[in-house]
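K.L.:
For this one, chain A is given, so just place chains B and C on it according to the hints.
Line by line, the protein sequences give chains A, B and C. Each residue of the first sequence is one higher than the last, beginning at 495 in our numbering. Each residue of the second sequence is one higher than the last, beginning at 14 in our numbering. Each residue of the third sequence is one higher than the last, beginning at 10 in our numbering.
None of these hints come from the bench; they were simulated from the model. The C-beta atom is built at its ideal place from N, Cα and C for all residues, glycine as well. You may find that some hints are simply not true.
To be verified - Pairwise CB distance ranges, derived in the manner of DEER restraints:
id, chain 1, residue 1, chain 2, residue 2, range
1, A, Y731, B, L275, 48 to 58 Å
2, C, A363, A, G602, 39 to 49 Å
3, B, L59, A, W568, 49 to 59 Å
4, C, D356, A, Q659, 23 to 33 Å
5, A, Q659, C, V313, 38 to 48 Å
6, B, G123, C, T329, 37 to 47 Å
7, A, I532, B, L59, 36 to 46 Å
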Amino acid sequence: MADADRVQRPLSPSVRYALAALTALIFIFLFMPLVIVIILSFSPLTYLAFPPPGFSWRWYQSLASSQEWLHALWSSFKVGIPVAMLSAALGICSALVAARAQVFWRAGFAALVAAPMMVPHIILAIGIYPLMVDVRLTGTFAAIVLAHTVIAMPFVFITVRSSLQGYSPSLELAAMTLGATWWVSFRRVTLPMILPGVVVGTVFAFTASFDELMLSLFLTTPETNTLPRVIWAHLAYQVSPDVAAVATLVLLFSCALMAMPIALRRRGAKLELNG
Amino acid sequence: MSLTAGQTASPDTLPARPGPVRVWSQRPVYVLLATGPALFLAALFLLPLAHVVVKGFAAPASGPGNYTRIVTGGPYLPVMLGTLETALMVTAVCLVLAYPLAFVGSRLQGRLYTVFMALILIPLFTSVVVRSYAWMVLFQRSGPINQTLVTLGFIESPIRLLQTPFAVTVGMVHVLLPMMVLPILTSMRSLDGTLLQAGEIMGASPARVFVRIFVPMTLPGASAGIILVFISALGFFVTPALLGGARSTMIAVLIEQQAVDLLNWPMASALATMLLVTAVLIYMGYSRLTRRFNEMRA
Amino acid sequence: MRGARIEFRGVSRHYGHVVALHETDLTIEPGEFFALLGPSGSGKSTLLGAVTGFTPPSSGQVLINGKNVTDVPPYRRNIGMVFQNYALFPFMTVFQNVAFPLQTRKMPKAEIKQRVERSLAMVRLSDMAGRLPRQLSGGQQQRIALARASVYDPPVLLMDEPLGALDKNLREELQDEIRQFHRDVGATIIYVTHDQAEAAALADRVAILRAGRLEQIGTPRGLYENPRNGFVAGFLGEANRFAVDRITDEPGGVRLATREGLTLAAARGTAGEAIVCVRPERIAIGEAADGHANSFQGTVIDAVFSAGSVRYRVDVAGCTLLVRAGSDRTRNAFDAGAPVHVGWDRDDALVLPA
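Just chain A, with the same shape it has in the complex:
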């Protein structure tokens, strides 16, 4: 629905103020912890004190020279990027089936692909770990990539399926009557239509892997530890400001990633408005 068409009635002033106050409080609740972590990451002290008595870059400097943290960051990318790519491939295939195939097993298939979203990660973790032991993959990147893809793929599936449902299948049929084989029709018509959904879904998939702790707890070794896994290990000992510095960097990175879907959503909204 186009924004301009929306019918809205002005609210009475008292309701407006109450809602504004509530909204402000909720956003304070949502952001205060993040802000405090950022502030603490610049603390000069080795223990947590708030407010910090001064300003220092020392924790960032120690991060930059820490093999452990750099290695964890590198591992997170070494896991997250293949996860995103594998999820994109599997998710796009699944979404095409769920949105376009005229087969009796379509609904069942769609439910299967979306199901990992609704299953607590701990259950997957204790199910996948023995399996990886059986096939001797424990401690490898392959194990963690495969496991993360199970939980990351539904994100691509959901976003791409909704992109596909957003336009008429007659576009692809038209391409075929015009001489395009299935593959040409996919590459020249379907893919451009669903590209925003694919990008958003793939970013979601990467984030799902980048933030994942549970499966990593079971499947990684010091050699393959991802960032959340190392943060977790540090938290078990003490709450020191070096974690705050890492957390701040992770936060900034997440925001940067998130800017991409928002930018695309706006472009998508424009397309929708006119088409």
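P.N.:
Then chains B and C, alone, in the frame of chain A:
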């Protein structure tokens, strides 16, 4: 090929009434497309789940021994009930906060709406570990909350906030709130505004229109949010592990302890099965309810 | 001659136990403009889908120029199709849209350019080559869809309710264009519509479908004047229909007693035929009504003026009769409530199966 109007059929005429035919169809393409994901999920999703369920019954001795132990003693049942209670509480708080927040969001337009969405999505995109860590910092004995409360004179000396059910609930609400807001916001934005106008033209007060039309129309979004948040909350690990104490632990933490610390995989599997069945039952109940609700509306 | 002959041989389509199309035989001649007319769910889209390949038949074959294409994929059938909502690719310019089928045919760039330009000139949209579809009006989009479907000279053009999304004036304007277009390209056109006026205005022949069966095939005029049954009579044009109770022979024809209690004279009719149809414009009203085999006294319920004619509803012994008369200002002007005579000849009463 030249055919004149008088000709009725081509020379190489096929049988006049052919039976079942070989036809072109798109089905093989979709079967091929489905094969990859289906095999992948069979191996890495269905097989592991089956493994968990079987192991819960198979070891140490085959039979329901693990379940007898769960029911008859130990921390298992209380933790499971506590998990349900916490999940319910978290879901309720999220709903109460998310509904007005989504309402505000649904009335925003243009740049303001983009800012609103960003403010909802930033926490959602922030690592759960990072967010739980932030609450650890806040809830510390010498943390900002205790300091503020002491400075303002509400309390004499810092109190214990960490390792309490309160801390777990607050931390989980913080993580799950955006997940509740998004489906409600979607249902509110897709609401047909003319319906509300129609209600008012027929003489209903704004409050009445809100209660009798707006709320029922946004119920599907709210129920989607409720089920999403509730089932996620059931399986929560990071937040209760970091912010909760021994008495406020949750089932996922217990499962992890059984598997990793005690190496009691059969018990971990049995507990995981219990959690899985609970989640599936709740989800089935939900989809049954929504189906009935949709039938009622149709 | 460029059009292809299209033959359906025993084509049917089932969905489980539901029959969308009963076994159908139909031959469409090269270069013919053929309309499939019927209400929704009558099987017309299924027939069309058998030609494109998107709804493959459960039995039977489709032949294009004598060649069985049932197992040929759509992209090798060399057919053109105009979709209901045009199905223009929204992210491609008009030029790119029309060039698409030529690119899939691996035509050299220079020839593509030349062909697209010629095709756009034909639909008089050469200035719009650089625009995106959403920057065009509905009628312009429709014409681009025509250009795209015909730029590679397919011998068969399928049109699925191509004017369905347009308003009435534009629709009539585009009907003329489509007729001209058919003359220019010479392809065989199968045109699916549920609008009988559109089918009659455009097509050389019309097939009327009901519930998955072909009811009747013929020229628009032939169907109008000699409908095979009451459904066809009612679907193509307006008709006064009465259920027949009894038929008795009489000199010069038959005498019918209708269930509504009227007694009518008709030229022909056999027992078992269930209804009698009278076209509204065959009924004379006022002084002109005198001297017909069927003559009744009635009361005008209301009169609706439209270009060229007046449509009266007349109450005759409790039955409502539609009468269409020329809108001559001096004669045939009756107000609501006026008593009038209505009448028609034996030949104008068609006795048909239901």
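K.L.:
State for each hint whether it applies.
P.N.:
A quick look at each hint next to the structure:
1. Roughly 22 Å separates the CB atoms of Y731(A) and L275(B), a value that falls outside the hinted 48 to 58 Å.
2. The supplied range of 39 to 49 Å is met by A363(C) and G602(A), whose beta-carbon atoms lie about 45 Å from each other.
3. The hint said 49 to 59 Å for the Cβ distance between L59(B) and W568(A), and at roughly 33 Å that hint is violated.
4. Hint check: D356(C) to Q659(A), Cβ distance near 57 Å, so the stated range 23 to 33 Å is violated.
5. Judged by the Cβ atoms, the range 38 to 48 Å given for Q659(A) and V313(C) holds: they are separated by roughly 44 Å.
6. Between G123(B) and T329(C) the beta carbon distance is about 56 Å. The supplied range of 37 to 47 Å is therefore violated.
7. Taking 36 to 46 Å as the suggested C-beta distance range, the pair I532(A) and L59(B) conforms, at roughly 42 Å.
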